[in-house]
Amino acid sequence: MIKTTAQKIYIALIFIFLYAPIATLMVLSFNASKSRAKWGGFTINWYVELFQNKSILQALGNTLLIAFLSASIATVIGTVASISIQGMKRKSRAIIMGITNIPMLNAEIVTGISLMLLFIVLGIKFGFLTILLAHITFNIPYVILSIMPRMKQLNPSTYEAALDLGASHLQAFFKVVFPDILPGIVSGFTMAFTMSLDDFVITHFTKGAGIDTLSTKIYTEVRKGIKPEMYALSTLIFLSVLILLILVNYAPRKKQDTNNLRNQR
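For the sequence shown, numbering that gives the first Met the number 0 assigns the number 0 to the initial residue and increments by one for each residue that follows.
A couple of the hints might just be wrong.
Straight line, CA to CA, 20 Å or less: simulated EDC-like cross-link-like pairs of lysine to aspartate or glutamate [to be verified]:
1. K216 to E228
2. K37 to E228
3. K88 to D197
4. K33 to E159
5. K226 to E48
6. K33 to E228
7. K53 to E228
8. K223 to E48
9. K216 to D197
10. K33 to E48
11. K53 to E220
12. K174 to E159
13. K216 to E48
14. K151 to D179
Computed Cβ-Cβ distance ranges for the label pairs, DEER-style [as the list claims (entries may be wrong)]:
15. V200 to L121: 14 to 22 Å
16. F14 to L246: 18 to 26 Å
17. I82 to S54: 36 to 44 Å
Think of the hints as simulated: they come from the structure by calculation, not from any bench. Beta carbons: idealized from backbone N, C-alpha and C, even for Gly.
Please model the entire structure based on the sequences and the hints provided.
Spelled out as structure tokens, the structure:
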């Protein structure tokens with residue numbers, strides 16, 4: 000009994016430390032007073048002012064566009080790479096996976112500086128393109144990490160059977176392999192999209208003058224003093240990511256429950 004109670008208290012403390020700051024942020028986004036120590040009543044004016052701020056909206060557009068493009072391109076490259084890695088011998092696969100995991104284990108500041116120096120050497124002008132290339136680079140390992148477990152669960156006999164029945168390699172892939180690895184692809188895309196939204200360090204080193212993402216824009220604004228609009232913006236970002244994660248996790252469960260119900264019938 001005491002052990003169970005202690006476990007519940009421990010879990011409760013973890014959730015409090017994790018989500019109390021976010022809850023405070025959300026409450027302050029509706030505070031009519033600019034003071035963080037005084038409640039001045041309920042208001043949505045900070046949200047109205049947020050959507051009237053053209054610089055923040057432009058940064059939001061850049062962020063969403065870069066996140067979507069980088070996640071999409073990284074997902075395609077990561078899927079092709081996962082299929083190729085799975086077809087390798089065990090020793091070669093272990094070496095390639097070790098190399099693939101290095102960007103995830105490496106410090107972001109090292110990755111950011113390395114990419115910055117690479118773009119300078121190649122003579123690429125810093126701006127939207129350099130940010131996009133940087134985000135694709137660090138997103139690919141996360142996509143591979145999400146898809147590889149699904150690749151290992153595949154039964155190669157089903158793919159070979161599809162070929163024996165007259166399907167082309169492309170048809171066999173989309174009819175047999177693709178549906179099985181689709182949950183991993185969706186998870187990889189979601190992870191890449193979220194990582195791109197969240198990134199600051201690499202973006203800071205690879206962006207040019209005149210272009211900002213939300214992370215760099217917030218950093219610039221915070222240096223001048225925290226504005227209530229930043230509370231509203233952070234609240235919307237948190238809720239958007241939360242809804243996205245719920246949808247991604249709910250869809251596979253719903254599909255699995257439907258399949259189980261059909262099997263019972």
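For each hint, the structure was consulted:
{"no.": "1", "hint": "K216 to E228", "verdict": "12 Å, holds"}
{"no.": "2", "hint": "K37 to E228", "verdict": "17 Å, holds"}
{"no.": "3", "hint": "K88 to D197", "verdict": "36 Å, violated"}
{"no.": "4", "hint": "K33 to E159", "verdict": "65 Å, violated"}
{"no.": "5", "hint": "K226 to E48", "verdict": "11 Å, holds"}
{"no.": "6", "hint": "K33 to E228", "verdict": "10 Å, holds"}
{"no.": "7", "hint": "K53 to E228", "verdict": "12 Å, holds"}
{"no.": "8", "hint": "K223 to E48", "verdict": "17 Å, holds"}
{"no.": "9", "hint": "K216 to D197", "verdict": "12 Å, holds"}
{"no.": "10", "hint": "K33 to E48", "verdict": "13 Å, holds"}
{"no.": "11", "hint": "K53 to E220", "verdict": "14 Å, holds"}
{"no.": "12", "hint": "K174 to E159", "verdict": "12 Å, holds"}
{"no.": "13", "hint": "K216 to E48", "verdict": "16 Å, holds"}
{"no.": "14", "hint": "K151 to D179", "verdict": "11 Å, holds"}
{"no.": "15", "hint": "V200 to L121: 14 to 22 Å", "verdict": "21 Å, holds"}
{"no.": "16", "hint": "F14 to L246: 18 to 26 Å", "verdict": "22 Å, holds"}
{"no.": "17", "hint": "I82 to S54: 36 to 44 Å", "verdict": "42 Å, holds"}
Of the numbered hints listed earlier, those contradicted by the structure are 3 and 4.
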